[in-house]
Amino acid sequence: MKVDFDLDIRHLQRVEGHGNIRISVREGRLREAAWAVVETPRFFEAIVKGMSAELAPFLTSRICGICSISHTLTSIRALERAMEIEPPETARLIRLLAMHGETLQSHALHLFFLAAPDFLDLPNVLPLMQSHPDIVHAGLQLKELGNEISIATTGRATHPVSLVLGGVSKAPSKQRLKELRQMIGERRAALDKASWFFGTLRIPDFVRETEFISLRNGSTYPSIGGDLVSSDGVVRDENDYLTMTNEYLVEFSTSKFTKLSRQSSAAGALARFNNNFDRLHPAAREAAAAFGLSPVCHNPFMNSVAQLVECHHILSDAELIIDRLLDDDLLDIRTEYKPKAGAATGAVEAPRGILYHHMETDEQGKVVKADCIIPTTQNNANIHYDLHALAEQALLEGKTEQETEKLCVMLVRSYDPCISCSVH
Amino acid sequence: MNHLGIKTEKIRVGSFDFTCCEGCQLQLANKESTLPEFLSLLDIRNFREISSERHDDYDIALVEGSITRSDEIERLRAIRARAKVLVAFGTCACFGGVNSLKNRMPQDEVVREVYDGKPIETMSSTRIADIVKVDFSIPGCPVSKDEVERVVVSLVNHSLVSLPKYPVCVECKQRLNTCLFDLGVICLGPITRAGCDAVCPTGKTACLGCRGPAEDLNYPSFVQLVSDKALSAAEMREKLGLYNGFGDYLEHES
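Residue numbers (the working numbering), protein chains in the order written: chain A, 1 to 424; chain B, 1001 to 1254.
Hints may contain errors.
[To be verified] When the alpha-carbon atoms are kept at most 27 Å apart in a straight line, the in silico DSSO-like pairs for lysine-lysine are as follows:
| no. | chain 1 | residue 1 | chain 2 | residue 2 |
| --- | --- | --- | --- | --- |
| 1 | B | K1239 | A | K338 |
| 2 | B | K1031 | B | K1010 |
| 3 | B | K1118 | A | K259 |
| 4 | A | K49 | B | K1010 |
| 5 | B | K1031 | A | K366 |
| 6 | A | K366 | B | K1229 |
Just so you know, the hints here were simulated from the structure itself, not pulled from any lab data. Only a predicted model underlies this, so the values are computations on that prediction, with no experimental measurement involved.
Excised from the complex, chain A in its bound form (with noise of 0.2 Å):
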């Protein structure tokens, strides 16, 4: 049957920020697929200029209020690469117990209230809530413990207020330490519950073949700095972003596009899960077993799993982490530092992918140039060709209107965007 239609999806729901989908068919034939971002620009690489280093973190933290973390750690590794500052080892390792906290909340949010409703054509997680209350109750318990790790590590679920330049400004007490551990052991029944759940929903059958983008450091699994890598094959320093990213601005959408070594590359967690699959705990690949998904997997509805296979990674890393801090007596947290004129990017795996911030200081510390990358710009081109291609299988496949219209916002919400970010 030749089909025409014309969606035009305006501010689409459950994601964060403003964008819009257009997909235009004509006789049964794609005339045109695109993914607009048309959020607000707030300007931060120019207002942060002048700022002091010191006051800089505490300010492109606002960039996002989903990983405000990774935004604060990201700028705070940039200006301390910048101007030669090394943070004690006890607060490096309170650092990455944060970035734990704030991914599995990010996580478990995208997980339940943004994800999920679509597979049991819900409009949202309220009336999960009625029809499947032990799921949502573990969704919200997973929710919970990576905030409570957020404001053990750093005072606040969003916006942290004690990551600091040179290290954090106070340390977690040892009680405190102590209840997480137990919270974390705790909720791993949630954890399985969760897992169980998603076991159970049918992901779309979608592959087109793209390059992941990721950061990779050979001992861990990524989190803050090391090596800027690519499915395909390309590795470069930290300081060599601009290379990874080639930003360019297109006509139609106010987020800027990047690629590298073909026509779009992706990043988030499945791009790490591709490129970093033997550095995961592995209770996290016993997991990723269980869902069938080995790297390099180039199916971006599994996006979603490769989350929840992070997530078992993340309890496991932050018992060992907490257990090194239970042995650390938590006093060396900050070092002193002279401002300094220098120049250096920091690159870390928030929630959403890789992050990027470049900072120049002068001699007094003030910034006099910055550059943000955010994990969403380095999406949206590869959420754009996706759009494309997803259409005409529908089309080929002599899906209706409505289906189709279904599986192009599940691509879109599937990749986590955090558009207001991307925009920044």
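Since the structure of chain A is provided, determine the placement of chain B on it from the hints.
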């Protein structure tokens, strides 16, 4: 639902975002231990970030973000026309927030810095109250979920809603923290409105004034304190300018 034997009705809310990070809305889904009870007080009619259902029959509109583009003005006016109560939700909505830092520069220069030559529409960051009537403000970057819970419970029970009038210092003392001024750090706790439980100084970092000025604050005495401790006036002004909550005082000084 009933409270002390009196039947209560859910309040119909819409949650909307403008130029912001959406972190304040996200707080609505935080504090998971009381989330089901909190949600049971609300009839969510419109909340794009978490629901694909959109209805225009809300009584209370929570508005996050500042205004930086002309289409936002139209959207905000439409929300105002439908809502019985409009709440400025978070620091960007209440004061313009960090977005207002760009107001110091010509807007075309700001655009050139980030987008090269591409023309992008933007205007000076404006707080919500400069465009439409605001019935109640909940400041904070982000808002405190505890405070949001208190406000919502008050609305459900038709009781008075109010914010603390005293400064963050009061809450900080209650938490038995060492004063940051004694550690050589400029903290805006003496002049900033409380209600956050002094979360920043408790984490041993300065209050940056995200909740705006406390009522009846003694600004000259604060400036004197910074000077008596031989701390930097430039650093004080940098902190006061971060969220645009102290614009009146900064202008007065310069």
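Here is what the structure says about each hint:
1. At most 27 Å may separate the alpha-carbon atoms for a hinted pair to count; K1239(B) and K338(A) meet this at roughly 20 Å.
2. Our distance criterion of 27 Å between C-alpha atoms is met by K1031(B) and K1010(B), whose separation comes to about 20 Å.
3. With a C-alpha separation of about 20 Å, the suggested pairing of K1118(B) with K259(A) holds against the 27 Å cut-off.
4. Of the pairs offered as hints, the one joining K49(A) and K1010(B) is violated, with about 46 Å between alpha carbons and a cut-off of 27 Å exceeded.
5. Restraint check for K1031(B) and K366(A): not satisfied, since their Cα atoms lie roughly 37 Å apart, outside the 27 Å limit.
6. In summary, the hint linking K366(A) to K1229(B) is supported, as the alpha carbons are separated by about 23 Å, within the 27 Å threshold.
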